[in-house]
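Participant: So the chains spell out like this:
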Amino acid sequence: MSAASQEFLRQAAQKSADLVHRGIVRWNIDQYDTGVGKGKTRFADWESARQRCHDIKWEAVNHLDKYLLQFEQKVKENGGHVFWAETSEEARQYICEVAAHGHVKKVVKSKSMVSEEIHLAAALEKIGVEVVETDLGEFIVQLRNEPPYHIVTPAMHLNRQQVSDLFKEKLGSADTKDPQELVAIARRWLRKDFFSAEMGISGANFIVADAGMVTITTNEGNGRLSTSVPRIHVALTGIEKVIPRLQDLATLWPTLATAGTGQPLTCYNTLMGGARRGSEIDGPEEFHVVLVDNGRSQLLGNIEEREVLHCIRCGACINACPVFRNIGGHAYGVTYPGPIGSVLEPNLLGLKDYQHLSFASSLCGACTDVCPVHIELHHHLLHNRRNAIHQGTHSAAERIGMKIFRWMTMSAGRFSLFGSLGRTALRTIHGMGLAGTTFDPMHAWTKDREAPAIPRQSFRDLWRKQNGSR
Amino acid sequence: MAAADNPSRERILARIRAAVQTTGAHHAGKVGQIFAPVTNPLERFQKECVANITECTVTSSTATSAAAIAGVLASLPPGEIFVQDSPDLRALVGGFKDGRPLRWSSAGPPNEASQATITLCELLVAQTGSVLVSAANGGRQATVVAPAHIVFAKLDQLVPDLETAMARIYERGIASKNSYVCLITGSSRTADIEKILIMGAHGPRRLIVVLQTG
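So the protein lines, in turn, are chains A and B.
Per my numbering, the very first residue in the first sequence carries number 1; after that it's consecutive.
Per my numbering, the very first residue in the second sequence carries number 471; after that it's consecutive.
Any given hint could be a false lead.
[Unchecked claim] Here are the simulated SDA-like cross-link-like pairs (lysine to any residue), alpha carbons at most 20 Å apart as the crow flies:
#1 B/500 <-> A/44
#2 A/177 <-> A/196
#3 A/177 <-> A/160
#4 A/66 <-> B/491
#5 A/40 <-> B/500
#6 A/40 <-> B/537
#7 A/177 <-> B/669
#8 A/38 <-> B/523
#9 A/76 <-> B/483
#10 A/66 <-> B/476
#11 A/170 <-> A/152
#12 B/647 <-> B/582
Just so you know, these hints were derived from the structure itself, not from any lab.
Taking the hints into account, I'd like the entire structure generated from these sequences.
Facilitator: Next up, the structure:
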């Protein structure tokens, strides 16, 4: 068992027993469910929207070279820079060089999960650049020195009292439980940063090939300020975010908004195609796009799992996931939590150390049902499981155990015999009052749960009795 | 940047090219009508503004538009107002005599402490009650920096839906002429704390559209 896997089990056990945490997450997701239910009624046909989004992403991902090159050419024509980073290290290094070259002392960041993936903030801080997260949720988790808990709602795990205590401690603000006042405190605090930073870093929800523009979607306006005021704008994104046409946004924007939060459209859908033009009043002097590969082109080569690159990071699968609701976002120990992360991360970080994420699922398929681009998420969890087994990374004990289990279940007679023996043994042990103790073979299940009464007869016995033989 | 500075570019592209030789599985399905058609754009726009918390005032003449804008300004605390320098807005607000300093976009971007900004827009979208602005509307900061953003638009700028808006962006070269385009739907908000909706996070708390029909 890898160290990551052991830590996952420890965190998951701890978080699922934390009732306050469960209450907060349940409240958030109930609100989300209500919003999305209402949001979908605004579509004449939600299934058509899903299909259209799937078609767009399929076209882009299966012709990725063509659309990335078209995008690059357009950006360059408009005086922007495009850098292709094969690894996290390369992306960090490029951005640090741009910062050093531009004498940057402070960076304002709008939300970017890729920046978390490549651990950008720490690299910038190491060369003496202050990094300020400006999305409210991100600002809160940055003050707590935590990674985002959720890809859309980074501070979903906190209530207003916890935020108030945090602001009091870190910003010296007055005690308040009024969310309006808490937002105002953050607004006032971050204003000076927007207007003193030399560089703004954003992610990209989509990069549009035919327009040569990156688009970001935000509600707060922090993304707009981060990309309007500072001298340098760096847009950091994965290579899979490209879409062919501007026209595609007429479907992608509302579908992303509805799947992400239930809104008909997010407040600000911004398109940026370069630095300030000659006749324009303001805007950055430099525009850089960093296209991050970091394992994505490898995944593209895996024909079975390629469609994982269709993901538009709306977070719908995370909100739908019963595992996420119980263990929360941090227990996963990776950048992308929930079903999409459990599919993606083992592919990006290696099955050897991260296969446990693909096993931590009941395969209920709720994620697949809600995905707005039709990614068959639970099938990919199964692919990862199979691939992990084929790589032979599991223990000898497990291999032998499964072989024995296979032998026991491959004939009706053996299945019946071992079933009967097992029931008798369990009935005896539980009859002695040992249920849930270490003597109980079902210990892993019964230590936290009441053991059901073990029946004397098997299902097949009952069936025979009620329906005659066969 | 020279290719020599970015050797990864060719390596990434080579892997992509090799991969896409084989086409990935496509989830087959029909695409029907995604949104119901918008039959009465003006009515729909007003309805959507109510839903997304945009204050929309429909006016019939330059005089009533000027009065509507003056009314909004009167409700704001004292302080500078930033205005996109255009003949339309010169005519509308140039004559205001309430003693507030006006800063025209020809003098540079807005001051951070502006009380309000007044701009034109590229388009209005009825389907979602949205305002499409570009860098040409007083710059990037003009539409985000102040607590109130007032937009003056005329009825012929209203399009029924997002598909039409995107088609107009191509026809008029809005995305190629500007380094910045933003589709604004309602005023700045956040629900990052307990999913409670709070208006005025980093952008304008109030978005006001004065839509002139005459």
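Participant: Straight-line Cα separation of residue 66 of chain A and residue 491 of chain B no greater than 20 Å?
Facilitator: Roughly 12 Å separates the two Cα atoms, so the pair holds.
Participant: Are the Cα atoms of residue 40 of chain A and residue 500 of chain B separated by 20 Å or less?
Facilitator: Satisfied, since the Cα-Cα distance of roughly 18 Å is no more than 20 Å.
Participant: Take the C-alpha atoms of residue 40 of chain A and residue 537 of chain B, compute the straight-line distance between them, and say whether it is at most 20 Å.
Facilitator: At roughly 39 Å apart (the allowed maximum being 20 Å), residue 537 of chain B and residue 40 of chain A break the hint.
Participant: Between residue 177 of chain A and residue 160 of chain A, does the CA-CA distance stay at or below 20 Å?
Facilitator: Holds: residue 177 of chain A and residue 160 of chain A sit about 6 Å apart, inside 20 Å.
Participant: Quick one, are residue 170 of chain A and residue 152 of chain A close enough, alpha carbons at most 20 Å?
Facilitator: Status violated; Cα separation ~24 Å.
Participant: Are the Cα positions of residue 66 of chain A and residue 476 of chain B separated by 20 Å at most?
Facilitator: holds (19 Å)
Participant: Hinted pair, alpha-carbon criterion (20 Å max): residue 500 of chain B, residue 44 of chain A. Please report holds or violated.
Facilitator: Judged against 20 Å, a Cα distance of about 14 Å means the pair holds.
Participant: Residue 177 of chain A and residue 196 of chain A: Cα distance at most 20 Å?
Facilitator: Not OK: residue 177 of chain A and residue 196 of chain A at ~30 Å, beyond 20 Å, violated.
Participant: Is residue 38 of chain A close enough to residue 523 of chain B, meaning Cα to Cα at most 20 Å?
Facilitator: Answer holds: residue 38 of chain A to residue 523 of chain B is near 17 Å, not above 20 Å.
Participant: Just to be careful, I want the Cα atoms of residue 647 of chain B and residue 582 of chain B compared with a cutoff of 20 Å; is the pair within it?
Facilitator: violated (26 Å)
Participant: With a cut-off of 20 Å on the C-alpha distance, tell me whether residue 76 of chain A and residue 483 of chain B pass.
Facilitator: holds (17 Å)
Participant: Between residue 177 of chain A and residue 669 of chain B, does the CA-CA distance stay at or below 20 Å?
Facilitator: This hinted pair holds, its Cα atoms lying about 16 Å apart.
This entry does not satisfy hints 2, 6, 11 and 12, going by the numbered hints stated previously.
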